[in-house]
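**Student:** Spelled out from the first residue to the last, the chains are:
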Amino acid sequence: MEWLLIGALLMAFATLGSARLGSCIRAVALQGACLSLAPLCTVGALADPHRLFLATASFLIKTVAIPALLFKSLRQAKIQQAVAPTISLHLSLLGGGGLLVGAFLAAGNFSLPTDPYPPLIVPVALAIIAVGFFLLIARTKAITQVIGFLVLENGVFLFGITLLGEFPLTVELGVFLDLLVGVFVMGIMIHHINRTFDHVDTKALTALKDSE
Amino acid sequence: MASDPVGIAIHCAILLVLPPFFLGLIAKTKAFVAGRKGAPLLQPYFDLGKLVRKGMVYSDVASWIVRIAPVIILVAIVSAGLFLPLFGKAPIHFEGDIILFAYLLAVGRFWTLLAAWDVGSSFEGMGASREATFGALSELAFFLSLIVLVLTSHSTSLTEVFYWKLTHFGWQPVFLLLFVTLFLTLLAENSRMPVDDPTTHLELTMIHEVMILDYSGVDLGCILYGAGVKLFLFMALAVSLLWPPAAVWSGSAVALFFCKMCGMAVLIGIVESVTARVRLVKVPQLLIANFVIALFALLVAVSGRGI
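These protein sequences, in sequence, are chains A and B.
Residue 1 is where the first sequence starts when you use the numbering used here, and the numbers rise one by one after that.
Residue 1001 is where the second sequence starts when you use the numbering used here, and the numbers rise one by one after that.
No lab work stands behind these hints, which were simulated from the structure alone.
It should be emphasised that the depicted structure is a prediction, and the values quoted were computed from it without experimental measurement.
Yeah, the Cβ is synthetic: ideal placement off N, Cα and C, and Gly gets one too.
Hints are not guaranteed to be accurate.
Part of the chain B face toward chain A, derived, beta carbon under 8 Å [claimed, not checked]: (1) G1007; (2) L1177; (3) P1284; (4) Q1285; (5) I1288; (6) A1289; (7) L1295; (8) F1296; (9) L1299; (10) S1303.
Partial list, computed: chain B residues near chain A (C-beta under 8 Å) [claimed, not checked]: (11) L1041; (12) P1173; (13) F1291; (14) V1300.
Take a look, some chain A residues computed to stay more than 12 Å from chain B by CB distance [said to hold, decoys possible]: (15) E2; (16) S18; (17) P49; (18) F59; (19) K72; (20) L74; (21) K78; (22) L94; (23) F104; (24) I137; (25) K203.
In isolation and in its complexed conformation, chain B is listed as follows (with noise of 0.2 Å):
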């Protein structure tokens, strides 16, 4: 556990309050090089506050299954937060933590999904098998570059793979691999755009907005919430890679974090403007060729250590 109250209360801070910032900077990005206006940076902010103080529904057939999924998606989420280091040591950290993080993500996934199936809706019955079957393949390919992370740093807690300025590396083949992949898996994960259209009015295209249609109210913030974190969390993880973070946090450190994100938000909304929706027959190939990418970093990493 780290000693450091000022360092785990910034970081809570942090994780808790500025995720839906990048999910609007993101949307104004994309409303930038589209040429239009666009909502306000803060939207999603007044987007949360709406739906709070709105009232939910439930569908009939549904059972509490439904009623209790976006607080455990969200949790899980949150939780799988503490330990990913932003400054420094996570909140929470231990040997092997590298696979609980990837596993709480799962957990937030499977709940989507039992939802999904739980409210007897066939949209999100579809929305769900799909979002099982990219998950499956996205998932090899992120656990792949965790390997390559454990195998390259010599440890499996995130906190110490992610604290290499003691080390190594720097701008070495690897990484920029790893960056390639973890990119291609956050937009998987996150249903952005080559893989998913999160702002689709059609449900037969939809992915993971399909999944929450029944959704309403509170229910529905704590979703779109948690969907920020998660797009938060792998920004973090894609960007500590090409650029690992502060050993202590400081005013300067959280301030250059934030401009990485904002960053790296921009560079995700430049992608989604650039490229077009593949076909859904054609994502599980983007997956596939994603993972071999993965397995081409961690061969290169293996074989750069003479194993």
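Next comes chain A alone, as it looks inside the complex (with noise of 0.2 Å):
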């Protein structure tokens, strides 16, 4: 159960160091595996149709879907594989060290039942909803905006899946249906901005201005 918390943190890390757009998504679909698995590794999971369910919807939507979708925007788009970061690999990756302390010192204040997973899931779960909001920031394409959001989104599902006992429907509908309306909207501005103006730079957005 550990282990696939801690890989969970590791792969966001690896989205905050990789150069590239592919090892990015690749990433967040291991991420996604990680994450769904989770709910299977509790106590009485298999006999818990909600916890089942959980589990196997999301890796569907986490592992296989968005990344096909994600990877077939990448190909259909023609967007180059640099991830273009605003702020340099080696200090995103600095950064998140720093976010992940954040993340831990933070943890202390949240006195939440995390019953039947490990208490490290509270501050993994912060540390992954930071990461998410640095790569939302530091990278300027938008398709790795998509990305972040997805690392992010990844962080409230671990919170989430604490509550499944407690309120499973809303859990999962809150989980996916956020997520698939995310990327879809995503999905269709990457290729609104493309057909635009050529290029997936949101900074280039920041110029828009209202006609006189």
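Both chains come to you apart, so use the hints to assemble them.
**Tutor:** Encoded structure:
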């Protein structure tokens, strides 16, 4: 169980440190796999339909569907593989280390009941969310923003699954709906930015103004 | 101080005799993966024997530093080996020797750098500045992982840190993370493949090899042997994390230790065979990633203890 959490966090760092979009997407897919296996590794998971459903559905979405979608848009929009960071990869990794420390410090303030998951889940979820935000800020391409959003979403998912016992349906719906909506919106956005401007650099969006 | 003279004798014998063998085993593994036959397993011993019989040549501009550096490096590294427990207790152990262990290795690095600057070759100066840069980053991760060991075992002596069959452990996540960072530190500190290519023949891309270009004869033998011992120490340290050393020495414990180290050497050989060397500008990134993993291990260890 703790292995999966650690794997998920290491994958978040892999997305921070990798210089190519392809390996970013693969890291996010692997992170999704770690997270979706997590509910299965708790006691009595195989007898609980909610947890079984959550695990299979999140595996299908996080590890199969979304990465496939991203790879497809990578091919169709002919996006270059380099990630184009605004903060260099060295500094990103160091910043990620700082966020990690912050997350572990902040986790002491949350007294959440994490049963049946180990208490490590709270700081790991916080750190993944922070890394997701960091990716959103520190990368310029629209597709890396989708990746940052997915990492963020994975962190929220980790928080969510601790509540699965009390509010199973809410968690499941919450997890899948906004994920799908997010990716579709982003997919459409990438497509449109690409068709209008011939590239997917979101820095160009700041130059947009109302016509007078 | 330990009271078992036979144990100490065996520790010293292993420390002094075995290291070149693992260099040969790594080279053999790499040759096997590449589909070649490779040099014999004992080739490093033959090389050392050849170098000892040769005379030495010194650069005209070099001072006494170059002459004494090989001996200092060798002595520093070998005496660091006296603090690392291979079976039960290390020959010398006291509270805080974990710091001395790290600094003895640093003394070895310091004299390598000093001698490289001393000979007045621009290539060696370049290699030394690289070594200094990368060393600063990899030592950061190394010290962090030592801190994790201290925290988890409540002791600052390497002997007690690895006396952990009594305390707890096994396959906890912290130790796997630690193993990963120590393995990466091992590759970086001993100039193995993803960081530096020990077999490269182009001075511009070398790190460690370029600093020892001016040594010859016995001096070169000292340096090569010292590098072998350093690799041996890091391998023993990393392997002890996954598989704690036996509490007392015995024939089977020695054999087991030998098997573990062989496994480690084969692992290094395979990793070196399947990875390409990263570009020099990317090396700091690798080392920073290593540092972050060590930091993660530290945080997991600290949060696990509820501090």
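**Student:** Hint by hint, say whether it matches the structure.
**Tutor:** Hint check:
no.: 1; hint: G1007; in the structure: 36 Å, violated
no.: 2; hint: L1177; in the structure: 7 Å, holds
no.: 3; hint: P1284; in the structure: 6 Å, holds
no.: 4; hint: Q1285; in the structure: 5 Å, holds
no.: 5; hint: I1288; in the structure: 5 Å, holds
no.: 6; hint: A1289; in the structure: 5 Å, holds
no.: 7; hint: L1295; in the structure: 5 Å, holds
no.: 8; hint: F1296; in the structure: 6 Å, holds
no.: 9; hint: L1299; in the structure: 4 Å, holds
no.: 10; hint: S1303; in the structure: 6 Å, holds
no.: 11; hint: L1041; in the structure: 36 Å, violated
no.: 12; hint: P1173; in the structure: 5 Å, holds
no.: 13; hint: F1291; in the structure: 7 Å, holds
no.: 14; hint: V1300; in the structure: 7 Å, holds
no.: 15; hint: E2; in the structure: 5 Å, violated
no.: 16; hint: S18; in the structure: 10 Å, violated
no.: 17; hint: P49; in the structure: 30 Å, holds
no.: 18; hint: F59; in the structure: 22 Å, holds
no.: 19; hint: K72; in the structure: 29 Å, holds
no.: 20; hint: L74; in the structure: 23 Å, holds
no.: 21; hint: K78; in the structure: 26 Å, holds
no.: 22; hint: L94; in the structure: 6 Å, violated
no.: 23; hint: F104; in the structure: 4 Å, violated
no.: 24; hint: I137; in the structure: 18 Å, holds
no.: 25; hint: K203; in the structure: 24 Å, holds
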